[in-house]
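Start from the sequences and build out the full structure, keeping to the hints where you can.
Number of protein chains: 2
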Amino acid sequence: MSVNLPAPDLKELYPVSGVRIGVTEAGVRKANRKDLTVVLIDKGASVSGVFTQNRFCAAPVQICREHLASGAGVRAMLINTGNANAGTGEDGRIRALSTCAALARELGISPEEVLPFSTGVIMESLPSERIEAGLEGALADAREDNWLRAAEGIMTTDTVAKAFGAQVTIGGALVSITGISKGAGMIRPNMATMLGFMATDACVRPGLMHQLATELAEGSFNRVTVDGDTSTNDSFVVIATNKAAHTPIDSLDTADGRALKAAMLDVARKLAQAIVRDGEGATKFITIKVEGGKTQVECRQVAYAIAHSPLVKTAFFASDPNLGRILAAVGYAGIADLDQVGIDLFLDDVHVVVHGGRNPLYREEDGQRVMQQSEITVRVVLGRGDAVDTVWTCDLSHDYVTINADYRS
Amino acid sequence: MSVNLPAPDLKELYPVSGVRIGVTEAGVRKANRKDLTVVLIDKGASVSGVFTQNRFCAAPVQICREHLASGAGVRAMLINTGNANAGTGEDGRIRALSTCAALARELGISPEEVLPFSTGVIMESLPSERIEAGLEGALADAREDNWLRAAEGIMTTDTVAKAFGAQVTIGGALVSITGISKGAGMIRPNMATMLGFMATDACVRPGLMHQLATELAEGSFNRVTVDGDTSTNDSFVVIATNKAAHTPIDSLDTADGRALKAAMLDVARKLAQAIVRDGEGATKFITIKVEGGKTQVECRQVAYAIAHSPLVKTAFFASDPNLGRILAAVGYAGIADLDQVGIDLFLDDVHVVVHGGRNPLYREEDGQRVMQQSEITVRVVLGRGDAVDTVWTCDLSHDYVTINADYRS
Numbered sequence: 000m001s002v003n004l005p006a007p008d009l010k011e012l013y014p015v016s017g018v019r020i021g022v023t024e025a026g027v028r029k030a031n032r033k034d035l036t037v038v039l040i041d042k043g044a045s046v047s048g049v050f051t052q053n054r055f056c057a058a059p060v061q062i063c064r065e066h067l068a069s070g071a072g073v074r075a076m077l078i079n080t081g082n083a084n085a086g087t088g089e090d091g092r093i094r095a096l097s098t099c100a101a102l103a104r105e106l107g108i109s110p111e112e113v114l115p116f117s118t119g120v121i122m123e124s125l126p127s128e129r130i131e132a133g134l135e136g137a138l139a140d141a142r143e144d145n146w147l148r149a150a151e152g153i154m155t156t157d158t159v160a161k162a163f164g165a166q167v168t169i170g171g172a173l174v175s176i177t178g179i180s181k182g183a184g185m186i187r188p189n190m191a192t193m194l195g196f197m198a199t200d201a202c203v204r205p206g207l208m209h210q211l212a213t214e215l216a217e218g219s220f221n222r223v224t225v226d227g228d229t230s231t232n233d234s235f236v237v238i239a240t241n242k243a244a245h246t247p248i249d250s251l252d253t254a255d256g257r258a259l260k261a262a263m264l265d266v267a268r269k270l271a272q273a274i275v276r277d278g279e280g281a282t283k284f285i286t287i288k289v290e291g292g293k294t295q296v297e298c299r300q301v302a303y304a305i306a307h308s309p310l311v312k313t314a315f316f317a318s319d320p321n322l323g324r325i326l327a328a329v330g331y332a333g334i335a336d337l338d339q340v341g342i343d344l345f346l347d348d349v350h351v352v353v354h355g356g357r358n359p360l361y362r363e364e365d366g367q368r369v370m371q372q373s374e375i376t377v378r379v380v381l382g383r384g385d386a387v388d389t390v391w392t393c394d395l396s397h398d399y400v401t402i403n404a405d406y407r408s
Numbered sequence: 000m001s002v003n004l005p006a007p008d009l010k011e012l013y014p015v016s017g018v019r020i021g022v023t024e025a026g027v028r029k030a031n032r033k034d035l036t037v038v039l040i041d042k043g044a045s046v047s048g049v050f051t052q053n054r055f056c057a058a059p060v061q062i063c064r065e066h067l068a069s070g071a072g073v074r075a076m077l078i079n080t081g082n083a084n085a086g087t088g089e090d091g092r093i094r095a096l097s098t099c100a101a102l103a104r105e106l107g108i109s110p111e112e113v114l115p116f117s118t119g120v121i122m123e124s125l126p127s128e129r130i131e132a133g134l135e136g137a138l139a140d141a142r143e144d145n146w147l148r149a150a151e152g153i154m155t156t157d158t159v160a161k162a163f164g165a166q167v168t169i170g171g172a173l174v175s176i177t178g179i180s181k182g183a184g185m186i187r188p189n190m191a192t193m194l195g196f197m198a199t200d201a202c203v204r205p206g207l208m209h210q211l212a213t214e215l216a217e218g219s220f221n222r223v224t225v226d227g228d229t230s231t232n233d234s235f236v237v238i239a240t241n242k243a244a245h246t247p248i249d250s251l252d253t254a255d256g257r258a259l260k261a262a263m264l265d266v267a268r269k270l271a272q273a274i275v276r277d278g279e280g281a282t283k284f285i286t287i288k289v290e291g292g293k294t295q296v297e298c299r300q301v302a303y304a305i306a307h308s309p310l311v312k313t314a315f316f317a318s319d320p321n322l323g324r325i326l327a328a329v330g331y332a333g334i335a336d337l338d339q340v341g342i343d344l345f346l347d348d349v350h351v352v353v354h355g356g357r358n359p360l361y362r363e364e365d366g367q368r369v370m371q372q373s374e375i376t377v378r379v380v381l382g383r384g385d386a387v388d389t390v391w392t393c394d395l396s397h398d399y400v401t402i403n404a405d406y407r408s
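Order-wise, the sequence lines are chains A and B. Counting from 0, one number per residue, gives the positions in the first sequence under numbering that gives the first Met the number 0. Counting from 0, one number per residue, gives the positions in the second sequence under numbering that gives the first Met the number 0.
There is no bait here: all hints are sound.
Note that the list lumps identical chains together, so a pair holds whenever it fits in one copy or between two copies.
Listed next, the in silico EDC-like pairs over lysine to aspartate or glutamate satisfying Cα-Cα at most 20 Å (straight line):
| no. | residue 1 | residue 2 |
| --- | --- | --- |
| 1 | 29 | 363 |
| 2 | 29 | 319 |
| 3 | 29 | 151 |
| 4 | 293 | 343 |
To be clear, the hints were calculated from the coordinates, so they are not data collected in a lab.
Quick look at the structure:
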């Protein structure tokens, strides 16, 4: 079950000139399951990625970082589900490199031009032979209008494929933006979510790509959480194929730069929020907005404390306006000099707490009404300054426990 | 259901000379429930307490701090369940002070000599009238051998009363130590747990009490977690009635000081671990030991990351040796320069991970065997130094969700 997350709208999944995608069933972990995706990128694209800050990062994440740093350029991505190739030591590295080399041979490029991605169970050896055997089928499937199959090909515990797109005019040229993401549990991205890929045919100078990818991640994937568990495999890659007929963008502070970033951020947010809407066991989509902080960092701290509290999350699941739990989370969020007297709390339009105490005008039935909605905004006003930040999360239900108690069986 | 937590052993609950306890049913929230406890302390006792670091600390916690700081001495404690008197603003303060004044009048002492404690629902007004009306009944019940009733009188979602005791010889005198605690959810004490009280008739100089209380909390209540939610009401109070016939202890570094602290720490640990064993929905008791860190702080950080991971906790619930989830938690615990190659992981006696990768000798059935036990030790070796720390926690089950989705109904 997901929260207000329809299947992808095919009309919105614009082919991006210079990107072809192929998907196949390689039997990585289970049979009859799309589990291997190749993304082929024309020469001349600008590519950047941001990756998990988990120190136990997976072998493919390490290799992505190295290949991007090599300056060889990126011509292909190879994505498997069913196995995360994390906690696998030197064996994991050798197997991931072997799959890159196999794809490079097929394409006549160098292994450094391939980025590998894996998602699935941790601490099991990657069946690289099966992946290599599947390459031929994946390559035979490659075409530009294959984004939906790609979104399906990277799903694990996801219940809905996640893909969004947009078009925007840049320097007189119509530019397409399309992206896909996956993830439902082990979600508290720290740099990027489990897997997110976006491509545009816009022209962006290579030197600007890292800034663009980082700012997109900061405004989207780095603001969602399901269970607070930062994955070993989080990866977010942004591709600009430079095919559109406009002057290349070399700053995000120009009119064209701002227009492109705004359009891409809108898609990135939808992709990130889709992960929360499809959060394991989620029944509610919750926006947590913290205002009036001294810094954005402290606003984020408070928002995450609320978003990660199992007590707050179970109260949302139960539609129970047990809102003192939110105050408790605000109190332990780690702001040493926080004065509770400055704090106000709103649930959508309902003013629950005034100056740190229950609003005398607050009626339980008003809180109850909002708690029963499937989309809820919690707004905390800290009363210490002008900073703001927002985080998106979901509730904690029986199904989260069921899904994660049964994941491997 | 609790994990290997029998009902208190009455033989072990030694009366402590100079401490009398009375319990009654005051109808604070529900009828027919022991919910009001008074603890009467003879003049001349040394008392100290440590309290929650939650910035949204409850009115009674604020008043406890003020009364302890006043230097008036402590002659009584007043404890109610059913209402936490937190998130209640100025009204909460007035009502808590009113109950202190009422008890002081009954006892002919000053209100500053009373410490108030509340636990229960947050953000509802304290029914101080009902508490004051219940004082007469509670006082009529007061006697020295009433520790079991006190343990019952402070329960909320606890399923088992928590009380332990010990006797130790100090300076030739037989000294008694008895303590009680409560708590099952909103448990990640930061200074002390929701409510913990310990008394001894040992003689301890007042100036030493704060150090003793802090060191006891650090080795017990500050090392347990159920759901990572630090309560607004955590309080831990240590009383030495100074009735025993030995030379007063004025340093914890003397033979007597060490002997008393060791005996009290043993009781404090049992009290703290009892909270985890009775953790909401708990089916397993898990000891997380992190060794080989550069500092004790980083060991603790890693231990808590594992203990708070919903994915790790649900895997324990399912008896599923999905141990990569533990590695992921180690990786995101926040040690910036952690090298995964240095890491080993043991599940009881089973060596699961060697040098950051799966142990070639590890067999799934060995992990499975340990995971099915009701008491499990996770041992992580960081390979960076000699520091060690230990945290105790429980699993995350369907019943945790059920209990917290239904708490107020």
